[in-house]
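Novice: Residue numbers (my numbering), protein chains in the order written: chain A, 12 to 265; chain B, 197 to 845.
Note that these hints are calculated values from the structure, not bench results. If a hint is listed, it holds; no wrong ones were tucked in.
Label pairs and their computed distance ranges (CB to CB):
id, chain 1, residue 1, chain 2, residue 2, range
1, A, Gly-181, B, Pro-219, 31 to 39 Å
2, A, Gly-129, B, Thr-232, 45 to 53 Å
3, B, Val-213, A, Ser-195, 26 to 34 Å
Output of the computed footprint for chain B on chain A, the stretches with three or more beta carbons under 8 Å from beta carbons of chain B:
id, stretch
4, 31-37
5, 40-46
6, 232-245
Glycine included, each C-beta is placed from N, C-alpha and C at the ideal position.
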Amino acid sequence: MGQKVMEERKASKRCGGVLPFIIGFLATCVLGWAVLPGLFYVEVEQPFKFSHTIHVEGQGMDCESCHFFRDDGSYAGFPTNEGCAECHAVDPEEAMEAIAEAGIDANDYDAIMKAEIGAIEDNLASESDENKQAEREYIVKYLIQGKEVPWLNYQYQPDNVYFSHKAHEGLDIAELAEMKKELSSVVDSAVFEGEAPEQNCNLCHLKDIDKNDTPPAFQQNILSGYSKMTMKMWKCERCHALKGQPNACYTCHK
Amino acid sequence: MSVARRAFIQMSVGATVGILFTPTVWTALDDVSIWTQNWPWIPSLKYGEVKGVPTVSKMCESGCAVKVRTVAGEAFGTEGNMDNPLSGGGICPLCANGVQVMNSPTRIKAPMLNGKEISWDDANKLVSEKLAAAGSKVAVISGDQTGTVNEVFSGLLASQGSDAFYSMPSDMQAADKAWTGLMGGSGQIGYDMENADVVLLAGADALESWGPTVANMKAFANNENGKFIFAGPMQTRTASVTSKWVPVPAEGMAAFTLGITYYVLQAGKSVPAADFDQFKAMVISGYTPAKVEAATGVKADAMAEIAKQLLAADNPVVVPGGSVAANGAAFALNLLLGGAMKVLPEFGKAVETAMTRSEMLKQDILKGVSADVLMVYEANPFYALPEQVKGAFTVAFDSVETETTAAADLVLPTPHAYERADDLATPYGVASATYSLGVPVSKPTLNVMNAADFVLGLADLGFENFDEVLEAKVTAVGADMDELAEGAAYVLEESADVSGVTLAASVLGKAAVPVKGTGAVALAPYTLLNVGTANQATTPNAPCTISNNQLIGDNMVVMMASATAKKLGVGVGSKVKLSGGNGDCEALVQVFEGVLPGVVAAPLGMGHTVGDEFSKGKGDNVYKILTVSSEAAAGASTWAGSTVNVAKI
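From just these sequences and the hints, can you work out the full model?
Specialist: In structure tokens:
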């Protein structure tokens, strides 16, 4: 009897001991580092393809044409239909009348786009078919409907965070590059590579978005709903601390 | 235990430990913690450009020049308009809640005929038929004192052959009846309180509800060296900040003013009025300080002291409130003093066939209104004057539900002030003729129509819509449309002609005699804008500013001096019934020595039976216990001199 127990214990040591533990440990380590983080996010596309390249390189616009500070110091962020309509000069009333005359339901976007309504088509500024389709989509789904484009904000912050672009306007990338190491967990180090770019927007926003033709998908956390790029509180606090700025609650939570 | 099972457990333990060495668990915990911030039912803020859009608000009687705060085009609040002299950055408690009222669940959502929704076309057809059948038996009651919409209604009446245009009782009406009616003047009386060195507020609680309250407060604040004196039956909030409060019963205000005039005449002051000698004789014989003291209880010395200050001043002004006689007496005194009373010209009309403002103020609503078709525009006579108003077919134009819309046969929803174009011409009391324009700030979300547009669809007045009327008005005024749209006021520094004005000696001599009711105590009704007015109930954020001296729980509070309370056998917190006029009110008693003995002070504007949760069922309606008495000599009616019986319950 006693001998049998001893044999089992030996067998146990032979068959595993630490080995199954190590296998389990390594397996979840690999999963946890390489596989699972990706599963927390789903990719959501922007409402339509907006090409910064066409607007910046093609039309000679600069960042401030759409993303500007208002007189009261608040930041305009995404452009509104009012701003877009300065160039995309489709008269909503005229377009809706033409749609009604063509007997198309104003909410049937596909039918409107296929119908190639003159009041819309004659005012398209794009040249290639792909870009024309993107522009058409904007005009039909948003501009003439009087709806603002529900852009997905890669750096979305909740309502309880007060972020002032004006207060961060003077951040100097060259100066911050000296803290590159300390900031490595907060800011993508690529921002500091090469000659310090003039635009400090890259510190938080998609790098060189002004040269982007097709906006990348918005990566949305399936649990929290936040963007993968949303800056967490500890990152804000880290940078504030490094720059000698206050970290009191009311600094950001008004 | 089998080997496989043991290995499995060991591997699971390893896996569990292993996962803790990855960010997965920790980031998942973090994600879960902030997941709670984005539950779908949590309201989220709207972001966009924050603007202040200038417009006008008509919720208070004189109207406010405001800026509506919007974010991404959506209105969320109201503030004063620095660029407009009516506001100077200030705002009244009613208009401050304009956006909340615009979003109120009591907004009228569509045209309603006896509780059933109908189309605007059917409403037009129905009212057209009723008007055709009624002929000249058509009347209009307007709650708007300053808008050109009144010209449109007046034009409709003219096309029907009627002159039955009524305004709700107001200080502006009493002043007009005295100035243009009794004294033969023209234009509108104004008071330059900012530049006056002595201001006698003879019954005008100018810093809380009388006249253009906001402009008055600005004038008071800017007038650093001026001396303000308040006379009235109660130490109002106005009295609490003036240099002196002189207790004067409301019905004795005209006599009190003539008592002061006695000293001014004795000092040798005169005016080139045709009846000056008659006026002087009337005052010197009938209103000696001793007689006035006997009739009103105001000490002769007090009147002498005020007269002395007025005579010594370079630019004095007497600002009246109350009866036609009290207004007439004050105007006569101002003419003698030659100070800061102004006579403002009326702006030109847009609608040719419309009455002038003075003509619109002639009809006496307190004498009763009866018509086959009664149109009520943003007024609430069925709350404030239920005994006086009768219409065989009543059409109520309003944006929110009121006692009047509940009683009307046809209810036609108007856009809220922030959803429509409107204007505001010279509210009563301002020192100069001013004209302000209101532009729509928000798009209407309900099935509403501007009342003027509806009326223009009934009668051919030469305009397609109200925008055209306003354009014509701006042209008649001589103002610049663009500047007005940006929120600036057009100010005309001209005076109307005062030659030919008399002192109404024969009328004032009789009309100034105090007439009091037969009740046990005199009633001093008072208005606080945060409590509400005859037309506008309190607004959503205002109730928290109503003090325990007006409302405790759902009970109205009346104030009286301790001597009065002792005489009536009541004390602080006693529940009493006040009976007077044709009704009674319930209230709790508060003892306040700032009320003249023998007087009970009660707040107007409560006790609504229709409305939102902030006004319905709160307090009681003091309008029920007011007594309408005839100012026989002045040919007018007044609530001054109302008395009540008080019973403990």
